[in-house]
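Just so we're on the same page, my numbering is the position in the sequence shown counted from 1, plus 657.
The hints are simulated quantities; they were obtained by calculation from the structure and are not laboratory data. Treat the hints with caution; some may be incorrect.
Beta-carbon label-pair distances, calculated as ranges [what the hints assert, rightly or not]:
| # | residue 1 | residue 2 | range |
| --- | --- | --- | --- |
| 1 | G767 | E682 | 18 to 26 angstroms |
| 2 | E743 | G683 | 28 to 36 angstroms |
| 3 | R775 | G683 | 33 to 41 angstroms |
| 4 | L744 | G767 | 14 to 22 angstroms |
| 5 | G683 | G704 | 16 to 24 angstroms |
| 6 | G683 | Q761 | 13 to 21 angstroms |
| 7 | R775 | G676 | 24 to 32 angstroms |
| 8 | D693 | G767 | 15 to 23 angstroms |
With a straight-line cut-off of 25 angstroms between C-alpha atoms, the simulated DSS-like cross-links for lysine-lysine are [claimed, not checked]:
| # | residue 1 | residue 2 |
| --- | --- | --- |
| 9 | K719 | K709 |
| 10 | K748 | K709 |
| 11 | K769 | K719 |
| 12 | K749 | K769 |
Computed from a predicted structure; not experimentally measured. Just so it is clear, CB atoms sit at the ideal spot from N, CA and C, and this is done for glycine as well.
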Amino acid sequence: MIGSMKRSKGASTISPDSGINRIVEGTIIEGTITSDSNLRIDGVFIGELITKGRLVVGPNGKVTGSVNCLCCDVEGTLEGEITVLELLAMKKSATVQGDLYYGQLSVEAGAKALGTFRMGVPNKKNKISEKTATKADAIASLKSSRIPSDDEIRSNENNQIGSKSEFSKA
658 MIGSMKRSKG ASTISPDSGI NRIVEGTIIE GTITSDSNLR IDGVFIGELI
708 TKGRLVVGPN GKVTGSVNCL CCDVEGTLEG EITVLELLAM KKSATVQGDL
758 YYGQLSVEAG AKALGTFRMG VPNKKNKISE KTATKADAIA SLKSSRIPSD
808 DEIRSNENNQ IGSKSEFSKA
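Can you make the complete structure from the sequences, with help from the hints?
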């Protein structure tokens, strides 16, 4: 029959490549975006962005806030706490600033980068939440990650003379 459509039964699965969501130039959105598909931003987004697909920040696009995505191509501006599970590709016109975690990094000559760049995913277990942290939490976190003093290092070296054991945290 002309015009009829056959539909398959059962649950459908959505591939990140099945569609592209767009925020076009001249659009400003504040809030939270969660998507199973790819996302292209040529406008301005401020807030939390989570996508299981690729995030593309166009040449005039600007994203500020918390970002979690599979892959990310940046031609515009990306600022905040950014987690890219696979490839973060910074094109020559890109400006990226903040705390970044990535699986792989590609940077073209001319791209601007400012902040902390780390390969791998963030360790949320040891991170202090701004909303729930107390002064005691902050002090405990600093003490657990402190660098030992010269006296502690010398003392530890003296105790290990003739031993092949590794330096232990004080």
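Tested hints:
no., hint, result
1, G767 with E682: 18 to 26 angstroms, "holds, 22 angstroms"
2, E743 with G683: 28 to 36 angstroms, "holds, 30 angstroms"
3, R775 with G683: 33 to 41 angstroms, "holds, 34 angstroms"
4, L744 with G767: 14 to 22 angstroms, "holds, 19 angstroms"
5, G683 with G704: 16 to 24 angstroms, "holds, 18 angstroms"
6, G683 with Q761: 13 to 21 angstroms, "violated, 33 angstroms"
7, R775 with G676: 24 to 32 angstroms, "holds, 31 angstroms"
8, D693 with G767: 15 to 23 angstroms, "violated, 33 angstroms"
9, K719 with K709, "holds, 20 angstroms"
10, K748 with K709, "holds, 21 angstroms"
11, K769 with K719, "holds, 14 angstroms"
12, K749 with K769, "holds, 8 angstroms"
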